[in-house]
Structure formats: C-alpha cells, structure tokens
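Q: Top to bottom, those sequences are chains B and D.
Each residue of the first sequence is one higher than the one before, counting from 1 in this note's numbering.
Each residue of the second sequence is one higher than the one before, counting from 1 in this note's numbering.
Hint data in this document are derived by calculation from the structure and do not stem from the laboratory.
It is possible that part of the hints are untrue.
Lysine-lysine pairs mimicking DSBU-like chemistry, simulated, CA-CA at most 30 angstroms apart [as the list claims (entries may be wrong)]:
hint, chain 1, residue 1, chain 2, residue 2
1, D, K297, B, K122
2, D, K434, B, K44
3, B, K44, D, K360
Negatives, chain D to chain B, calculated, CB over 10 angstroms [as the list claims (entries may be wrong)]:
hint, residue
4, G109
5, K172
6, V211
7, I226
8, W240
9, F314
10, I402
11, K434
12, H438
Anything over 10 angstroms on all C-beta distances counts as not near chain B; from chain D, calculated [to be verified]:
hint, residue
13, K9
14, P160
15, H249
16, W250
17, W318
18, Y319
19, V349
20, M356
21, Y364
22, P431
Backbone N, C-alpha and C define an ideal beta-carbon position, used for all residues, glycine too.
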Amino acid sequence: MSKKLVHGLFDDDDILMSGVKAVRQKGIDIDEVYTPFPVHGLDKAMGLKPTRIASAAFIFGIIGFFFAIWLTWFMMIEDWPQNIGGKPSFTWLENMPSFIPIMFEMTIFFTAHLMVTTYFFKNKLYPGSAGINPDPRTTDDKFLMEFFVDGDTSNLEAILKDSGAIEVTVKDIVEEEKRNLWFKLPPKSASVVVILLGLGLSSCSSDEPMREPVSVYMPDMYHSVAYEPYSEDPNGINSMEARTPVDGTIKRGYVPYDIPNTNEGYQEALMNLKSPIASNDENAKYGEELYNIYCISCHGINGDGQGKLVQNEKFLGVPSYAASRLPNISEGSIFHVITYGKNMMGSHASQLTWDERWKISQHVLKLRSQLK
Amino acid sequence: MYIFSQKLKTLSFVLMAVGILSLAFGFITTPSTVEDVNNQMEHVDADHSEDSDSHETAVKINDHHDEAHAEHVLTQLKNRPWSALYVSALFFLFIALGTLFFMAIQYIGQAGWSVVLLRVMEAMSTYLIPGGLIVFLILLAGGLHFHHIFHWMDASLIDPNSPNFDPIIEGKSGYLNVPFFLLRAVVYLGGWIGALLLIKKYSIEQENAEVGNNIAYNKAFKVSAIFMVFFGVTSSTGSWDWVMSVDPHWFSTLFGWYVFSGMFVSALAMMVLVVVYLKTKGYLQTVNHSHIHDLGKFMFGFSIFWTYLWFSQFVLYWYANIPEEVTYYIARFADYKVAFWTMVVMNFVFPLIVLMDSGKKSYYPYMVVTGVVLIIGHYMDLFIMIMPGSVGSHWYFGVVEIGTFLGFLGLFIFCTANNLSKRSLIAKGHPMLKESEHYHYYNIEHEDH
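Just chain D, with the same shape it has in the complex (with noise of 0.2 angstroms):
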C-alpha cells in the first residue's frame, strides 16, 4: 500500500499554488486597451534603441503602430495567458489519454511483462478526469468569447456581408463550429473517461476475484479493444480540433498521428519518472530493471516515431514550397526558430543517443534524465504548435508559461499520487502477475543499485 507523504502533498500543493498565483499575474499584468498595447510597444521601442543592433526592427514595429496592428496585437497579448493556460493543461491531459492508451495496449496485447505497472498507469490516467473537465472548461471559455485562441469561433468570419468574411473559414464552418466542436470534445471526454473508470473497476473486481476466475479480467480486455477503436479516431479528430484548429486556414493529414506520438512519448517518459520515484521510496519491489528496460525502449522506439512524422511532414512542405502548406514552418521560423530547433534535438538526438545502447535502457539515472528531457521537450513541441496561432510573435517563456506547466504538475502529482495511496500498488489477482514478477530480459545482469 503507497502512503501520500506529506511532503509530497504540500509540494503539489505548493505547485498547484504557483500555477494559480502566476496565472493571476498574467492576467492582471496583460494590457486591456489599445492606449496600453501603445505604451507598451514604445517601452519596448525605448529599450531597442539603447541597442543599436536591432534599431532596425524598432523602426518597423514604428512603422506599424496603426490603430488596427494595436488592435491586433491586443487581442495576441490578451491570449497569452490563456495560451499558457491551455498548453500546460492540454499537455498533462494527453499524458494522462497516452497512459490510458498504453494500458488499454496492456490489456489487448494480453501482456505479461506489464502487470506489475498497472496500477501507476491507472492512476496516471485517473488525471484524464479533472484533466478533461479544465480542458472543457477552457473551450468552453472560448466558445463564449473569453479567450480567441480558436480564431474561427468568431462568428463574423462565416458572415457573407461582414468586412471580416473568410471564405476558407466558412467553408470549414459545417466542422468548426462552437456547438459541435464543444459536443465533440464532451464525446471524446466522456469515452476516454468511460473507459477508464471501466477498466480501473474490473482490475478491481479482478484483484478481488477468486484465484482462475479471470471473467473481470476479460471484460477488461473488451472495454480496452472498443475504446482503442474509439481513441484511434478520436485522438485524430480531437488534434485537428484542439490543436490544428489553432490554425484554421491551414491543415495536415498526418497530424494526428504526430500529436498522438508526441503525447504517448510523454506519457512513457511520465510513466518512467514515476515508477523510479516510487521504487526510489520503497515500493513497487517487485518492478525489475528489465520493466524499466522495456519502457526505455518504448521511449526510444516512439521518440524516432515522433521523429519520423515530423520529418515526413517537414521534408515535404521543404521540398514542394506550396505557399498554402509551408506558411505553418513560416510562422514557426520567423519567430520561433531557438524553441523549434532545441526542441527538436531534446525530442529526438538527445534520446537517440542517450538511449541507443541497450543497457543504458536499465539504468535509473539515464532514464530519468532522458524522461526529464523528453516531457520538456514535448511540451515545447506542443507550445510551438499552439502559441503561432494564438499569440505570433509575442510569446516568452516567462511566469505565465512556467508558473502554469507546474501548477498542472502540481494537480497531475496530487492526482496520481493520491489515486495510488487508495488501492494496492500491484494489480494483484490479474492472471499474468506471476510472469510479469518473473520478467527478465536476458541480457540485463546488474543487481538493483
């Protein structure tokens, strides 16, 4: 049985604590008129010309500073809190939907080496559930106009006889639309969610069945096969909703397979964290290397995925330059070029070369260094796909950014760490748990360190 230590509890606390408070900071710091934007952009002229490198780019900004670029710049800037916002939450739900597709993987893989993982997974995905309900809550936000991350929400975009009319938009608006774009996202939630609280109940009546009575065990294999058909569509569409939509002008066939990859790599690299803190606390005796070897591979393994579907479609825009396609890597390396490259070498060369050599799959402190990496890493990516939508070229990792990405770590360690103290932290009763305690890849022979 994990006990929630109280230094853990205050620490997510306190984290939790530090997201609210620099989320407060960023809205109150956020300019709410033109005359403001303004002020703000001569502040930011003043100190461009104390150097005198980039005076050029302060006598463009000077050029600019009409009434509707203010405007315009208001309306990013208004976003960048809730971009922040939005960002960190998304990330932490799709750790917690990748989890959850791992484990349904467990389950209709009928896998025996993972047994002794379930239950961090379970509880890792228990997160889907306040993670859903604050995503909602912030598209819905949207949905009544508190925010515009989502462009096409404005309702003069789709009006033939409105200065603002966009053609594209409109004829994307029978999809885009507030009313099915909210319901969509409840659909989707409310599977995922389904199914987890499905499956976290039979691996409960399974722990409490009797010993060859695997009826529980079963039924949860039938909920993980119907909802990995439910998640293979709706991790699809729900991408192109919450974060391709962003940018609704343009569009990608693959995208749902990036982000799906992105987010199942931070969910392994999660899931890696973890299980090493909690092995480092004295529990979950029976997890061997050879586990954390497996997850290391997975880790590996999706990470060159990921790798793979942003080079397929990076190479292909590159190549064809269709000013219809290329204008998403435009935005992305006018304004993002430092954030875009770092992230990916963290996403890709630094766990090529950490993790290529077998053994160093087996050994805590690599794991943990590159699963750091890799969460950092592939919350940049998600950052770099939302923020050019939503607030150009006035983005900055600062409080807001920060402040919110632990706040959510906060909610995400409370949330796990408190579903594991309920249950008992090995799925006992499950019918392979005697091969995953006996699971050991042959060429692992150093002891625990």
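Isolated chain B, as found in the complex (with noise of 0.2 angstroms):
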C-alpha cells in the first residue's frame, strides 16, 4: 500500500473545530491544519505540543555567556593585556566587573538572534523557503486538514463528510511529490541556508515530509482574552461591545431625506422636490433594470399595474401610472413614495440607494408617458 495525502476542505472555523475534535476522537492525527487566521483553541484541539523556544533560549543565552567569557579572557588576558584605570589585566577573575556588561551582552545577543532563526526554521519560514501552503483558498476563506495515511482511507473520509468538510480529496504521494523543502530551493537561496545552518542548527530538519505538525507559535492569538467584537459586555452601553454609532452619524454614502412622511411632505416634493441626477440615456437605462426587478411584480412591466401579484390577485389596487389614472404626480413625488412607501406599497429605501431610487423615477415617467 502506498502512502496517501487527505485534505479536507471545510468553509466555516466553527464546522473545522468540530471536524478536529471529531477526527481526534476517533484516534486519527492530524497533520497540519491550514487556515486563513487563527482559530481560538484549534492547538488544544489537534493536541499540539507547547513550543519550546523557551528552552532553545536558554541553552543560546547559556552559550552566549561562555562565549563572552572566552572572549574577555582571551583578548584581554591573554592576546593584549592591558592596565586600564589602574587595573592591571593579571587574571581574568580579578577584572570580572568589567566584563559583566559584555557577558550580559553577549547572552542577550545570542539568545535573541538564535532564537529568531530558530523560530524562522522551526516554522519553515527561513528565506527561500518554498511555500507549504497545499491549497490557496485556505489564505482566503477556506481551512484546510491534512492528513498522510498509510492504507485505506475510506474511514477517514467518511468522518471528513460527517463532519461537515465541503471537499475530500484522496492523492496517491510519489516519491517526487513529497513536499522535501531542500529540492524546491533555489541555489542562492540554499547557499544562505547552508550558511545559516552552519550556526549549529542541523537538527531541524526532518525526512519525513510534514509528520510532525510544527509547534505553536504566536500563542497569544490563539487565546485572546478580549470581548470578542459582537459579544456580551456588562460594562458596555447596552450590555454589548459593539458600540452604537455617535448621534448623526451619517454611513459612507447615504444621503438623509429631509422632507417627512406627511400629506404636507408628500405635496412638498410633488411641486418642489426635483431631480438631482442627469436625465440622460445612462440613468433611464439602469433605471428601467432597477424597475424590472423591484417594482415590476406589481406594478407591471409597462407600469400598468399588471404586475404578476396583481394578476394573481395577491395585491390589488395597484394604479396604473398613466396621466388618466394619476394624473398628479411628478419626479419628486414618486421619489417620495418610493422612499416612503404608499397606501399597500412600502418602503423601498432599505433597497434601494438615493441615487437608484432617482434613477427609478425618471424610468417610471418614461413608462407614464407610453401610457393612455
């Protein structure tokens, strides 16, 4: 039986969670989770090990501070002996003050540097490293489970499906498919690593491709102890700790209606609303498509109030637009009503922006005048 590699697909973090938890419970590891941010708690779930760069720190930092004894010994006893402040250079123990600063030095600089570099090999983030991502949705929207399986993968697929994966895909790994960091390397790119490895480094890397799931790391996003955005907050304004926006504010875009829902509003924007936007071809056009879908149910394809629910008599009384039928109204009017709605019509501002419910009159004056 030859090795195969499973992914599983999934679309939602949560439906992810519960697919690890239920993969795990059958016995089954996981090998590597792919997704686009950090889910809260998925370590704990696949049964990741806890890093331990704190002691990789702690070996460098030892080092380091060796090393920086060394150094001070040799260049200042024994390579070039000096007498500074009335301080003959005799013995390096006698002079030991002075070296403390470069040993606390010395053991800060090694701890940090190699623990970067550690970090960035343990990770496989080194620079000309080629990229492991086996799927591209999953730095989008998708997450990703990544199984490599000796054997029959029925059961495993079946779990993958239960447990809500949109997608299972079954390969077979050829020997030249296993995803072996070094061959992808580009020769510059190598001869760096190389170098870097030579900084006593040669025991991260591994022949099996990807059995080990890496470490944790950024540990921190993993368990925010913030509010979530939208969650409860008994110190927030209404309990929430999503705010409600500062009094008049007006979103991106939207443009406030001043004249108000009123017979008085109403004979306002019938003698003196006019349109803002240009009446022009562009506009009708888009006006008639907005038309025909929001108001042609009802009122009709030509405006006659013909609409399919009318037909069907689930609405009635819808009135034509033609002159005889209503022979008062104008731009602004219709702008007021379909802004506000009228008799059985209602509103339609949630819809439709300003500039589309406009656009919308200007069709509807074009289908009143083809009217009898």
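Make the complex out of the two chains shown on their own, each in a separate frame, by following the hints.
A: Okay, here's the thing in structure tokens:
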C-alpha cells in the first residue's frame, strides 16, 4: 500500500473545530491544519505540543554567556593585556566586574538572534523556503485538514464528510511529490540556508515530509483574553461590546432625505422636489433595470399596474401610471413614494440607494409618457 | 468576607511583644558610659586572646584604646538598638509604599488582570499609617538628639568656630537641616497617606455604585495619576533623606531608583505571601494561577532591575576608584563582606534561577520560597545601607535586629489582616472585575493543587 495524502476542506471555522475534535476522537492524528486566520483553541483541539523555544533560548543564552567569558579572557588577559584605570589585567577573575556588561550583552545577543533563527527554521520560514500551503484557498476563506495516511482512507473520508467537509480529496504520494523543502530551494537561497545552518542548527530538518505538525507559535493570538467583537459586555453601553455610532452619524454614501412622511411632505415633494441627477439614456436604462427587479411584480413591465402579483390577485388596487389614472404625479412625488411607500406599497429606502431611487423615478416618468 | 482568625491575631500580638521586649533588651544592654565601653572592649580582647588567629585584631583594638575612640564606639553602640528599630520600621514602610505604588499603577494603566488583588493591595498599603507614624517618631527622636543615626543633625558640624566643623556637611545644610527634614517627612507621608485614603474611599464608592456608573473609578484614576507624579519625586528625595543622608559625605544620583526597586520587589514578594496565605485559607477563590504568575513576572523582572541598578553603581565605582565615591563600598567590604555578598545572591541569583522558567512562576511553593528569600534579602540590603553609617563595625544580627523585624512583621500582619476583615475581599463593582476573573495566561495548564 502506498502512502496517501488526504485533504478535507471546510468553509467555517466552527465546523472545522468540531471536525478536528471528531477526527481526534477516532484516534486519528492530524498532520496539519491550514487556516486563513488563527482559530482560537485549535492548537489544543489538534493536540499540538507547546513551543519549546524557551528551553532553546536558555541554551542559547548559556552559549553566549560562556562565549563572552572566553572572549574577554582571550582579548583582555591572554592576547593583549592592558592596564586600564589602574586595573592591570593579571587574571580574569580580578577584572571580572568590568566584563559583566559584555557577558550580559553576549547572553542577550545570542539568545535573541539564535531564537529568531530557530523560530524561522522550525516553522520553515527561512529565506527562500518554498511555500508549503497545499491549497491557496486556505489563504482566503477556506480551512484545510491534511493527513498522510498509510493504507485505507475510506474511514477517514467518511468522518470528514460527516463532520461537514465541503470537499475531500485523496491523492497518492509519489516520491517526487513529497514536499521536501530542500529540492525546491534556488541555489542562492540554499547557500544562505547552509550558512545559517552552520550556526549550529542542523537538527531542525526531518526526512519525513511534514509528519510532525509544527509547534504553536504566537500563542497569544489563539488565546485572546479580550471580549469578542459582538459578545456581551457588562460594562458596555446596552451590555454590548459593540458600540452604537455617535448620534448624527451618517454612513458613507448615504444621502439624508429631510421631507417628512406626511401629506404636507408629499405635497412638498410633488411641487418642489427636483431630480438632482442628469436625465440621460444611461440613467434611464439603469432605472429600467432596477424597475424590472424591484417594481415589476406589482406595477407591471409597462407600468400599467398589472404585475404578476396583481394578475394572481395577491395585491389589488395597484394604479397605472397613466395620466388618466394618476393625473398629479411628478418625479419628486415618485421619489417620495419609493422612499416612504404609499397605501399598500411599502418603503423601498432600505433596498434602493438615493440615486437608484432617482433613476427609477426617471424610468417611471418614461413609462407614464408611453401609457394612454 | 475575610475573618481575622484568633490564631493569627494571637500570632501578631506575640510578634509585636517579641519586638518590644527585644528592643527593651537592646536599650538595657547598651553601655551608657565610656567606662562600660572600655570594660566591654577588654572583655572582647580577652575573648580574642583565647583565639590565636585573631590575636592581631586584639592588638589593633588595644592600640586604639584612647578616650576619643571609646567615645566614638559608645555613640555607635548607643545607635545600635535605634538603627535596628529604624531599619525594620523603614523596611515595612517601604513594603506598604511599594504596594501603594503598584496599586496606583493598576489604576493608571486601567489594568484588568489585577482587580481581584486590589483589596489585598489596599489592606497592605494601609500599613502606611501606623508605619509612617513610627518612622516619623524615629526621625523626630533623631531631631531631638535621642539617637545619632543622622550624623549631620549634630549642630557643631556646621558651626565654623567649632573644632568639629565639617565644610561638606555645612555646604549641604540648606537641605539637610532638622526643621526642613521633618517638614519633608510630613509632606511625603501626608501625600502618600492622603492618596491611599482617597483610593480606598473611591474603591468603596465604586463597590456601592450602580452598574455602569464609573465615576468613583475615574476619580481613583485621577488620584493615582497625581500620586504617581508626587511619588516619582518623593520616593527619590525620601530615600535621600531617610537612607542616603546616613552617610552625609557621600551621594549617589541613582540612589532613589535603587531604593525604589528594592522597595517594589519587597512589596511584590509580600503581596505573593499574603495572597497565597489567603488562598490556602480558602479565600480569594477568583485569584488563579495566572494572577500569581503575573506577580511572579513582576518579582522576577524587578529583581533583575534591582541588580541592574546595583551593578550600574558598583561597576563604575569599582572602575573609577575615586576616593569620594568608593568609600561607600570600602565601608561595606571592610565590615559587612559576608552579609553584603549573601544579600546580592539572595536578591539576584536566587530569583534568577528559581523564577526564570515561565511555569515556576505560577506554582505557589516556588513563589512563596522566593518571596521569603527576597523579603529577607531586601531587609539585609536596607540593613547594609543604614548600618555602616550609624553603627560602623559594631553590627550583629542579634536579638534586637531579629526581634524588631519580627515585631514590625507582627504589626504589619495585624494591620493588613484587620483591614482585610473590614471590607469585602474582592473589589466588587470595579468595571474590569469580570476581565480579572477570567484572566488566563495561555501556557498555564495546571489546575489548583
């Protein structure tokens, strides 16, 4: 039996989490999960080991500390002894206080630099490393579980499907297809890598392709202690974490409409409100398209009040736009009615923006002119 | 609600009684005349002559058996019980002050994690009131010449016609004079205690306020911010007045920070002990390992900070070797060598090794042991700051030193526990209480043990 690569694709982080738990419950190890953002608690659900970067840092610090002892001894005592400030360099111990800053700095220097290097190597992020993401959709909005399986995969496929995977793919692993990082490195980067490895980091690579999931890094991002954006917050206004906008806030692109929804307001719109947008073919055509989406089912394609719903007697009393039926309308009053509604007709202000309503008004006037 | 158990009450009274008795013992056994001193020194010589190794020392002391020397020794011996009292009083005052500083930081930083510890901090810093009073009385006693811890208070030193005239101290007399010195002490203590009482008052007001009404909390923020500016100046000048002026010829520009770092570490260590004590008694259920872990991080970090300041001063003095400066360490190396290095090991090496690992900081045993070591270590640090200037080579860790330390510990326990028992243990109504209860540091996995 050859090795198989199984990918389960999910489109929701909650479903992914329950999927991870379901798979782990069956005693199957997950090799890696690719997500577009850190998913809280995923590391625990996957059973990832905590990072050992702290132990590594300690060892690096010790190396730096002893390197500084050797360095100061060699430079100041052995190779080129000097008498500085009446303190001749006879023995290292006698001059030790003046070497403490160097020991301190070297400890920090070694710890910091080697820790960063280790971090990059352990997570395969060194310069020139090939991307190891098997599916670019995981950088957008999809989540992917990856398994390397010996033998039968049907059981795993079934579990993945049951737990809500939208896509399960199984591939045979051919030897060349192993995502072995060393083969993909361009020569220049490879030499950089070799030099960096020379710093004492030869133990980070592995023969098995990604058998070991990488350790958790940046755990703070997985374990947010902050309130979630839309969660309850006892101290927030209305006990919500999200705040209501400041009074008088107008959302981007929104144009306020000041004429009130009253009979006087209607008269005001009828007499005085003029369209601010140009009367041209482009606007009329756009108005027609919108009309055929939002208005047609009641008002009919010709504006004669014989839409599908009226023909089926779902709504009655929808007037024709014709001058004989509605003698007294203007573009202002049409806009007013679309905004607020009238009689049986509801407000369309939430579906249609300000300029869309004006464009529909234009189209309605055009229909009216064609009706007898 | 915390109940001040009879057992702890008895313990605190016993400790206070030990303190008073040992202090009385110290005053009774102090020689009162030059003859007594001479007798005592002969006695010491007799002791020494039995031991051939210290024969040389005995000869040296014999050589100095003139009247002036005996008088000097008498002054130092008379200072001893006063100095022991003063070091302990100041040490515990600093613990309370460091706690107040930490509490103010929590308000200024609008910290969420520490809310469940606020009442402990309030109770601990309340010791400022009795502790401040005692320190002030000791300073006042110095001003009235009951003791000579503050050498510069001697009026003959600034009298140009006196044979004791000291131009260096005369030059500092604009700042170092008794009335101004006592006035400053009143201002420092008044400011600190004022801030403490206001913060405590607003804490109770916030507890009783309606949900969403954070006026009292905001007031506590303002008081803390003002206190912090005041503390920034007075913690430095206070340490010059009360600690550095014991060696009036010497001065150090980073001394205020050095004293502050020691005070802060002791306060954190004491806070750990109090919190762990309350937890073992079943109180403070909402305090979890993450809170202890944070106190551990502060303890570790500020121990390193203390070492940094200590070494910054030491290495420059050592390298430059300027007589005016280096005399400070000469005095400490000559007579206090063992205590001096033990103190550095306790305050630096011990916490460095024990607390370096992240996990250890959340386990009570490690934290308690480190806390105890740090408290003793920083007591010794303060001891070594004061004693060389006041008693010189005539120092011991004897009945008076240990007794007064225990006495003030008793007073501190009584004051803290008494205060804790009067209010609820958790600052209810604090706007960030919830956050504190849910506080969790990611890599702490273990449950209560």
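Q: Each hint should be assessed against the structure and marked as holding or not.
A: Now for the hints, and whether the structure bears them out:
Straight-line distance between C-alpha atoms of K297 of chain D and K122 of chain B comes to about 27 angstroms, which keeps the hinted pair within the 30 angstroms bound. This hinted pair checks out: K434 of chain D and K44 of chain B have alpha carbons roughly 24 angstroms apart, not beyond 30 angstroms. Distance check on the hinted pair: K44 of chain B and K360 of chain D sit about 22 angstroms apart at the alpha-carbon level, within 30 angstroms; holds. Every C-beta of chain B lies more than 10 angstroms from that of G109 of chain D, the closest at about 15 angstroms, which supports listing it as non-interface.
For K172 of chain D, the condition that its CB be more than 10 angstroms from all CB atoms of chain B holds, with the nearest at approximately 29 angstroms. Chain B draws V211 of chain D into its interface by the beta-carbon criterion, the shortest separation being 7 angstroms against a cut-off of 10 angstroms. Consistency note on I226 of chain D: stated as away from chain B, and its beta-carbon is indeed over 10 angstroms from all of that chain's, at 25 angstroms minimum. Remark: the non-interface label on W240 of chain D is consistent with the geometry, its nearest Cβ contact in chain B lying 26 angstroms away (cut-off 10 angstroms).
Not every Cβ of chain B is farther than 10 angstroms from the Cβ of F314 of chain D; the closest lies at roughly 7 angstroms, contradicting the non-interface assignment. The non-interface label for I402 of chain D is consistent with chain B: the shortest C-beta to C-beta separation is roughly 32 angstroms, beyond 10 angstroms. Not every CB of chain B lies more than 10 angstroms from the CB of K434 of chain D, the least distance being 6 angstroms, so the non-interface label is violated. Against chain B, the non-interface label of H438 of chain D is violated: not every CB pair exceeds 10 angstroms, the least being about 7 angstroms.
Against chain B, the non-interface label of K9 of chain D holds: every CB pair exceeds 10 angstroms, the least being about 38 angstroms. A cut-off of 10 angstroms between C-beta atoms confirms that P160 of chain D is not in contact with chain B; the least separation is 37 angstroms. No beta-carbon of chain B is positioned within 10 angstroms of the beta-carbon of H249 of chain D; the least distance is around 23 angstroms. Its beta-carbon lying about 20 angstroms from the closest one in chain B, W250 of chain D satisfies the requirement of being farther than 10 angstroms from that chain.
With a cut of 10 angstroms on Cβ distances, W318 of chain D falls inside the contact zone with chain B, its closest approach being about 5 angstroms. Distance to chain B contradicts Y319 of chain D as a non-interface residue, since its nearest Cβ pair spans about 6 angstroms, not more than 10 angstroms. With a closest Cβ-Cβ approach of about 13 angstroms to chain B, V349 of chain D is found to remain outside the 10 angstroms limit, as its non-interface label requires. Against chain B, the non-interface label of M356 of chain D is violated: not every CB pair exceeds 10 angstroms, the least being about 7 angstroms.
The beta carbon of Y364 of chain D sits about 21 angstroms from the closest Cβ of chain B, which is more than 10 angstroms, so the claim that it is off the interface holds. At roughly 5 angstroms from the closest C-beta of chain B, the C-beta of P431 of chain D falls inside 10 angstroms, breaking its exclusion from the interface.
The structure shown violates the earlier hints numbered 6, 9, 11, 12, 17, 18, 20, 22.
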